[in-house]
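Participant: Line order of the protein sequences matches chains Y and W.
Its first residue numbered 1, the first sequence is counted upward by one per residue in the numbering used here.
Its first residue numbered 1, the second sequence is counted upward by one per residue in the numbering used here.
These are calculated hints, taken from the structure and not from any lab test.
In this text, all values refer to a predicted model and were calculated from it rather than measured experimentally.
A portion of the hints provided could be inaccurate.
[To be verified] Beta-carbon label-pair distances, calculated as ranges:
(1) Y:Leu234 - W:Trp83: 44 to 50 Å
(2) W:Ser125 - Y:Asp111: 53 to 59 Å
(3) Y:Leu128 - W:Ile106: 46 to 52 Å
[As the list claims (entries may be wrong)] No farther apart than 25 Å at their CA atoms in a straight line, the calculated lysine-lysine pairs in the DSS-like style are these:
(4) W:Lys215 - Y:Lys78
(5) W:Lys78 - Y:Lys147
(6) W:Lys215 - W:Lys21
(7) W:Lys25 - W:Lys60
(8) W:Lys119 - Y:Lys147
Where is the CB? At the ideal position from N, CA and C, for every residue including glycine.
This is what each chain is made of:
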Amino acid sequence: MLDDFFIRALLAGIGIALITGPIGCFVIWRRLSFFAGTLAHSALLGVTIALVFELNIALSVFLISAVIAIFLLQLQTKTNLPNDALLGLLAHSSLAIGLVIIGFLTTIRFDVMGLLFGDILAVSQSDLLLIWGGGVFILIILKIIWKPLFASTINYDLAKAEGMNPDRYNAIFTILMAAIIAISIKIVGLLLITGMLIIPAALARNISNNPIQMAFLSTIGGLLSILIGLFSSLEFNTASGPSIITAALLLFLISLIKTKKFSELKK
Amino acid sequence: MENKNKVLLKVENAGISLNDKSLVKGVSFEVKQGEIVTLIGPNGSGKSTTAKIALGIYKKIDGKVKTYTNKIGYVPQKISIDWTLPVRVSDFMTLTEELTQDQINIALNLTGVEHLKNKSLSNLSGGEFQRVLIARAISKQPELLVLDEPVQGVDFKGEIALYELIKKISDKMKCGILLISHDLHVVMSATDYVLCLNGHVCCSGTPHNVVKDSKYRELFGDRASNILSLYEHKHDHTHSQDGTIDQK
């Protein structure tokens, strides 16, 4: 029989996979993998600030991610350093500041490992509510902005010239990314959430030829990773977050074999 | 001119500078319904920049730009679609506008690439991609078309056909066209108004007047002035690629 905690873990994982599937596609299309990683790293700072000021963790992580995103935009106008350098600078300095603050929090017992790699097996009812509530909200917004966001992703000038207002939709997308990281940090952890965003979308690219199909397959890939990862973590008694990402990687490798077969068929 | 058609785009004394270096300045012109306005000039003279200013792509510009329509079709000079983006031609056609399958087919047919409808954008050749870009821009039946070197990479025969198509569209759909072209033959034959750019407007007017302008000769050389006379004799024959004359 499955225990309650495992059912909750499954439900939480499925919720995460449903959101990261389509959003992950945009992360790949827009070349935001590093950006997603940076936001995830800054989540540690968000968590520690939540602990210091006794705030809601998800809300605090969301706010810090948003601040980091705005700060990045400011930095881009102030210096000519390439984007990946700025992202590395922000990711590791926010991580470092978060860890320094943790050092001061001698009175609070704190599970850094759980934060880094997630603890899907300790999901509570209210966590589930946050994931599914927030998830539905994020997906509805994405559905609404899909067309202009996609146009801005293909070509900024074209979208702008034809009245799609790309700046607005780029900003909304950044906020959605911050929101995803905020609601999923507890489940897969800040080191692994980027994996959940990128790997299912990457495997979907190998076997799809249009954007809607890729978003769909990416979601399926994410769901399979969650199921395989969670059941094998139960079976082999391994950590759940890393098991999920390992499962995703295996699926990605399988998708590579498939593309080869496809291209051979075409010949 | 007897053109009393609606003004679609009005650019007044517009310009833009980047890092204190002026890219283009003091450009003024209008595009009316059914009119083709062409920007010519050497490389780096600010043609594409001027088009982008007119389209409102830049945030900070000098001068004023007013658009009197929101039905705009744009063919940018350079666009690269990454392999990461799985986009078929049919997906690309509906990028900024909802279209029926019929509308997509008709537009692709006009530019001669209907057979590519389900192909991936990243697999197209340069010329094929240009044809798709033009098809996309006209499929939404725009009131204002901005074409930045629309036939680059298109084969010689296709080039003429596409320019004829552009002319036909401007006549039939009554849309205004802002065109950037290197092909002086085409510019002089099909255009209502020419702006000769080199960081600023060197000279402007009807093709007839511009060709006679000394600044035009400075910019393009004396041979370019003969363009018009070549064209004016073009009623009964066409020139093929090697310069020989084919009688019609």
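Participant: Is it true that the CA of Lys119 of chain W sits at most 25 Å from the CA of Lys147 of chain Y?
Facilitator: OK: Lys119 of chain W and Lys147 of chain Y at ~20 Å, within 25 Å.
Participant: Take a look at whether the Cβ-Cβ distance between Leu128 of chain Y and Ile106 of chain W falls inside 46 to 52 Å.
Facilitator: 51 Å, holds
Participant: With a cut-off of 25 Å on the C-alpha distance, tell me whether Lys215 of chain W and Lys21 of chain W pass.
Facilitator: Cα-Cα ~23 Å, so holds.
Participant: Under the criterion that the straight-line Cα-Cα distance not exceed 25 Å, is the pair Lys78 of chain W, Lys147 of chain Y satisfied?
Facilitator: 22 Å, holds
Participant: Between Leu234 of chain Y and Trp83 of chain W, does the beta-carbon spacing fit 44 to 50 Å?
Facilitator: Since the Cβ atoms of Leu234 of chain Y and Trp83 of chain W sit about 38 Å apart, the hinted range of 44 to 50 Å is violated.
Participant: Given the hint of 53 to 59 Å, is the C-beta distance from Ser125 of chain W to Asp111 of chain Y inside that range or not?
Facilitator: About 56 Å separates the Cβ atoms of Ser125 of chain W and Asp111 of chain Y, which means 53 to 59 Å holds.
Participant: Just to be careful, I want the Cα atoms of Lys25 of chain W and Lys60 of chain W compared with a cutoff of 25 Å; is the pair within it?
Facilitator: 13 Å, holds
Participant: For the pair we were handed, Lys215 of chain W and Lys78 of chain Y, check the Cα-Cα distance against 25 Å.
Facilitator: 41 Å, violated
The earlier numbered hints that this structure contradicts are 1, 4.
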